[in-house]
Amino acid sequence: MARELLKGNIAIAEAAVRAGLEAYFGYPITPQTELLEWMSHRMPELGRVFLQAESEVAAINMVYGAACTGARVMSSSSSPGVSLMMEGLSYIAGTELPVVLVDVVRGGPGLGNIAPSQGDYNQIVHGGGHGDYFNIVLAPSSVQEAIDLTVLAFDLAEKYRSIVIVMADGNIGQMMEPAELPPMRPIKKVYPEWSVRGAVSRDKRILSSIYMNPEDEEITNLRLLERWQVVQRNETMFKEYFLDNAEIIVLGYGTAGRIAYSAVRAARAEGIPVGLFRPVSLSPFPSEVIEDLADSSSAFLVVEMNTGQMLNDVKMFVNGKVPVEFYGRLGGMVPFPEEILAEIKRISSGNFSPVSDPRITWIERLKETINGSGEAT
Amino acid sequence: MERTNTAQKVYSRPESLTGATTHYCPGCTHGVAHRIIAEVIDEMNIREKTIGVAPVGCSVFAYNYFNCDFVEAAHGRAPAMATGIKRVLPDRIVFTYQGDGDLASIGMAEIMHAAARGENLTVIFINNAIYGMTGGQMAPTSLPGQCTTSSPGGRDVEQTGYPIRMAELISGMDGASYSVRRSLHDPNNIRKSKKAIRTAFEVQKHELGFAIVELLSSCPTNWGYSPAEALDWIKYHMLPVFPIGDYKTIDEVNNIKS
Numbered sequence: 185m186a187r188e189l190l191k192g193n194i195a196i197a198e199a200a201v202r203a204g205l206e207a208y209f210g211y212p213i214t215p216q217t218e219l220l221e222w223m224s225h226r227m228p229e230l231g232r233v234f235l236q237a238e239s240e241v242a243a244i245n246m247v248y249g250a251a252c253t254g255a256r257v258m259s260s261s262s263s264p265g266v267s268l269m270m271e272g273l274s275y276i277a278g279t280e281l282p283v284v285l286v287d288v289v290r291g292g293p294g295l296g297n298i299a300p301s302q303g304d305y306n307q308i309v310h311g312g313g314h315g316d317y318f319n320i321v322l323a324p325s326s327v328q329e330a331i332d333l334t335v336l337a338f339d340l341a342e343k344y345r346s347i348v349i350v351m352a353d354g355n356i357g358q359m360m361e362p363a364e365l366p367p368m369r370p371i372k373k374v375y376p377e378w379s380v381r382g383a384v385s386r387d388k389r390i391l392s393s394i395y396m397n398p399e400d401e402e403i404t405n406l407r408l409l410e411r412w413q414v415v416q417r418n419e420t421m422f423k424e425y426f427l428d429n430a431e432i433i434v435l436g437y438g439t440a441g442r443i444a445y446s447a448v449r450a451a452r453a454e455g456i457p458v459g460l461f462r463p464v465s466l467s468p469f470p471s472e473v474i475e476d477l478a479d480s481s482s483a484f485l486v487v488e489m490n491t492g493q494m495l496n497d498v499k500m501f502v503n504g505k506v507p508v509e510f511y512g513r514l515g516g517m518v519p520f521p522e523e524i525l526a527e528i529k530r531i532s533s534g535n536f537s538p539v540s541d542p543r544i545t546w547i548e549r550l551k552e553t554i555n556g557s558g559e560a561t
Numbered sequence: 115m116e117r118t119n120t121a122q123k124v125y126s127r128p129e130s131l132t133g134a135t136t137h138y139c140p141g142c143t144h145g146v147a148h149r150i151i152a153e154v155i156d157e158m159n160i161r162e163k164t165i166g167v168a169p170v171g172c173s174v175f176a177y178n179y180f181n182c183d184f185v186e187a188a189h190g191r192a193p194a195m196a197t198g199i200k201r202v203l204p205d206r207i208v209f210t211y212q213g214d215g216d217l218a219s220i221g222m223a224e225i226m227h228a229a230a231r232g233e234n235l236t237v238i239f240i241n242n243a244i245y246g247m248t249g250g251q252m253a254p255t256s257l258p259g260q261c262t263t264s265s266p267g268g269r270d271v272e273q274t275g276y277p278i279r280m281a282e283l284i285s286g287m288d289g290a291s292y293s294v295r296r297s298l299h300d301p302n303n304i305r306k307s308k309k310a311i312r313t314a315f316e317v318q319k320h321e322l323g324f325a326i327v328e329l330l331s332s333c334p335t336n337w338g339y340s341p342a343e344a345l346d347w348i349k350y351h352m353l354p355v356f357p358i359g360d361y362k363t364i365d366e367v368n369n370i371k372s
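Here the protein sequences come in this chain order: X and H. In short: position in the first sequence from 1, add 184, done, that's this note's numbering. In short: position in the second sequence from 1, add 114, done, that's this note's numbering.
Careful, some of the hints might be misleading.
Claimed, not checked - Dumping the calculated BS3-like pairs for lysine-lysine here, alpha-carbon to alpha-carbon at most 27 Å: (1) X:K388 with H:K349; (2) X:K499 with H:K319; (3) H:K163 with X:K373; (4) H:K309 with X:K372; (5) X:K499 with X:K551; (6) H:K163 with X:K505.
Hint data in this document are derived by calculation from the structure and do not stem from the laboratory.
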């Protein structure tokens, strides 16, 4: 396969097709609609299932039904649509079904806008739906990585009977860059022993998320947790850049991580001992590596396109050993590398936020940036 | 005198029902509905290829009583879940079993769009004009003036609107092939209900699209009547609001029946 110029949403869709996707159910929402549109011709052309549902609520419940058959199945949406899917996701988690969902995150809350954002971190990483369950969450920072993680998502979903969410953002979904698609995998022929496909010459099977006796639900919750601990041990993924002798650790994922890379590279060129740690699996979160980095560095800078949702997780594992600074852009705004470089230089010069919550001083700096850029235009 | 054994088994549990004791209240017609559905599945010899979708409501545990593969949907979402199954496995027989709160209130979008798409599904809709499982609240099919725990002074149509007639509503959808209402209040009507259920499954077997059978059903416990009084309440109070009838039967469906 050769590298070709691909748009993120379409690259994700085609990667899913090549991973052996049997059925896609979705609903149009910007900035992920090209993904659905690609499926609308590609899936029927291959004799597979595509259906545009009447809502995201219906789409995720169609996915729920199709997943009960053991088929490889997915949906995709963007933030407000994913909010509507939370009910279905909780049921899917409670029924322990493999499902892949792509969330091309946009600015919020509410209707917000259609610009790139990371405001869904809490909704996706820390659950969203009701009850105790865990999603595997993968955050690509390029079109190529979005392709690779989408293929991986199906394998992980089936391996752990888990929901896997590829959390991209409007930038990853909309941009075009050279990438290589995987070879076409055949549709699987063998379906799992739990799948509901008609009780031919066997006892009937039931798939449900009901455990009426709290004793049984407790055991189920425990099973989900223990399975999750295996996921944590085996599937934690991250990328490290310039971490040798790094005193300042920049942490960012997805588009924010990619922009931070440019800033870190520029800072290194100026001789500042800074490195980038980019979580690829936001859940499981690479907590142990962050604990180790907290021992070997003197400061952290978390960069996000939200008000600091991952910041809280990082602070938990840094556990007060070193200062954790924060820089974010909000509501669909994307930081420039220069903004992050300025933050790195500030920290490098020993100018730390004086309080335990780095957001208090970040707000003041962000206002200056906003006002400054306002004057410039 | 020589004795010959002339005993003949004339009635037994259908193979498509398990031996599980149901949780339904005495006098509730869910059990009757289950039985006639199971008889139809047996008679059509489709048990091994049938997948049921259970709702949220009193019949939430239907999957324990039917002896075929079953899944349990979120409240109102059974038609969407059934769509997902049927699209992946088009040669299986997929049916939903839903109550009035599930189908006509929270799941209104899912049922109407499944009908609009002409989704090749069979829907059994149990209308007992009340929320049974949560203890007798007003349903979208509660009658004007009907006392429930959430309309204690009687359903005030000025405040809470009017009962929804689903069989009629769905008959207006181009995608629907078969939409009828039957009642379970006496043996004659039970026989007619079974015949309609058979047709609704045949519609799917013949890939003719969306079929729904609305069944007027009793809820003695939450209505506050004896089982016999409850059957009379269907007859004298529900039938005038929800008339029995074939609201839509496309020609191809009539051809199956003949």
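Hints breached by this structure: 1, 2, 4, 6
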